[in-house]
Amino acid sequence: MEVEITLRVDRTEHRLTVDTRTTVLDALRERLGVTSPKKGCDHGQCGACTVLLDGRRANSCLALAVAHEGAEIVTAAGLARDGNLHPLQRSFIEHDAFQCGYCTPGQIVSAVGMLREVDAGWPSVVTSESDHDGVALDDEEIRERMSGNLCRCAAYANIVPAIAAVAHR
Amino acid sequence: MKPFRYLRADDVSGAVAMLVEAPGGAFLAGGTNLVDLMKLEVAAPDVLVDVRHLTSDRVEELPDGGLRIGAAVPNSDLAANPAIRRRYPMLSEALLAGASGQLRNLATTAGNLLQRTRCVYFQDVTTPCNKREPGSGCSAREGFQRQLAILGWSEACVATHPSDMAVAMVALDAAVLAQGPTGPRRIPLTELHRLPGEEPERDTVLEHGELITAVDLPPLAFAARSRFRKVRDRASYAFALVSVAAALDVADGVVRDARLALGGVAHTPWRATRAEEALRGAPATERSFRDAAGAELAAARPLAGNGFKVPLAREAVVRTLLDIVEAER
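The listed protein sequences correspond, in order, to chains U and E. The opening residue of the first sequence carries number 20 in the working numbering; numbering runs sequentially from there. The opening residue of the second sequence carries number -10 in the working numbering; numbering runs sequentially from there.
By construction, these hints were calculated from the structure, which means they are not laboratory data. Please read all numbers here as calculations on a predicted model, not as lab measurements. A few of these clues could be false.
As the list claims (entries may be wrong) - Result set (BS3-like, lysine-lysine): computed pairs, CA atoms no more than 30 angstroms apart in a straight line:
(1) E:Lys(-9) to U:Lys58
(2) E:Lys(-9) to E:Lys28
(3) U:Lys58 to E:Lys28
As the list claims (entries may be wrong) - To list a few chain U residues with every Cβ distance to chain E over 10 angstroms, as calculated:
(4) Ala96
(5) Gly120
(6) Leu156
(7) Arg164
(8) Gly167
All C-beta atoms in this analysis are idealised placements derived from N, C-alpha and C, irrespective of residue type, glycine included.
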């Protein structure tokens, strides 16, 4: 079954016809040529496909495109503004927070979403009960909140400081 | 993935009617488990009825002092909800212990309750599995058993329920509101999930076409000091080997009342009623906590590959109850 849908991707609106089986990830990569979200596991386990879906980080490989008709999607390729990289993108470069780079777009989009969650006061499982008025984003918090993004090169030792540097600005 | 028709209804009763018309169909909410199972061809619905926008995504106060959680409330919103954190902290902790930030943003409350087991044989269509294909046999009986049941299993199935959230909710005496072809009904959460018995393909008592619309939490003052503890193979982002949700009402060093449930040990989120009985009236000491855990686990029948879960569950119960008592001092 084919369905016509609209997706707004990195501030550009697209109308496209998709088979109902098409995930947001496949619609982005295969239909719209937006290849910054990566297909790692395709089962929601690695986080390489992370995008902001209506403002929240989500695994685009598990979201059916037809179920997200009209959605506002931001990928790593849409984070830069006026030719300037997003602070997290700059920080990943400054901290050498990648090796092969395949997980990096997902890591960076996930970190953008994660910092918004912290700003909204959302706790994590390692947040102390006494932190109801705000979250102190230490390395343990960053590791827990970023645990949905795997890096097979194990660049974590630099990913955590790259995120911390932006979070603590 | 097998082809399917994608349908949307105007309201809950319309969605129920659509699914009744489609015996091979399924409801779709967040999709985090269903879409994965469809990719694996463990699930092959020919119709998906999208219900994500049909039920409430809000947490509301009930007149009795409890809370009503809309079926579509994302796991992340529920975990961060101030009333949940203040009044039922173990529920917030359980949600945050589950999945990842990205998945919690997509996954819904009702979908979390209805997620399928992560038994590796259920998820692998090349192996026999009575839950996936009734009568085909159980590969897990001679297989990898680390994630499997120690309580309530049957010869047909030794799978465990994967949810953390459901463990906290079952301890809280939550009730599910469901809308079916013959009208609405209210199901205590302790009765929603089934033990496998002879029909492991049926995870719950819901009939085809019956849709969960909300989950009610009754008021429970001492749940404000409740805790959830999860033991798993990684520090984060892994299913529970064992989990414990507990609330204790202690006065003058004596347990007046208790709520206790275990995850990762059975086909259902396991309400530990025998342990609760043993705790009521007992001194709030490590000794009685250990006795209570022992009373519950006396019925355990570990498999050859998961005997470690019995002492692990016992110690996790003791530690969780001690955490609650020590926090109150």
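Structure-based check of all given hints:
Between E:Lys(-9) and U:Lys58, the direct Cα distance comes to roughly 20 angstroms. Compliance with the 30 angstroms bound is thereby established for this hinted pair. Proximity of E:Lys(-9) to E:Lys28 is assessed by CA-CA distance (about 8 angstroms); at most 30 angstroms being required, the pair is judged to hold. With a C-alpha separation of about 14 angstroms, the suggested pairing of U:Lys58 with E:Lys28 holds against the 30 angstroms cut-off. Every CB of chain E lies more than 10 angstroms from the CB of U:Ala96, the least distance being 18 angstroms, so the non-interface label holds.
Once the 10 angstroms rule is applied to beta carbons, U:Gly120 is consistent with being away from chain E; the minimum gap is 19 angstroms. The claim that U:Leu156 is not at the interface with chain E holds, since no C-beta of that chain comes within 10 angstroms of its own (minimum 13 angstroms). Residue placement check: U:Arg164 does not keep its beta carbon more than 10 angstroms from all beta carbons of chain E (closest about 6 angstroms). In this structure U:Gly167 is not separated from chain E by more than 10 angstroms, as the shortest Cβ-Cβ distance comes to only about 2 angstroms.
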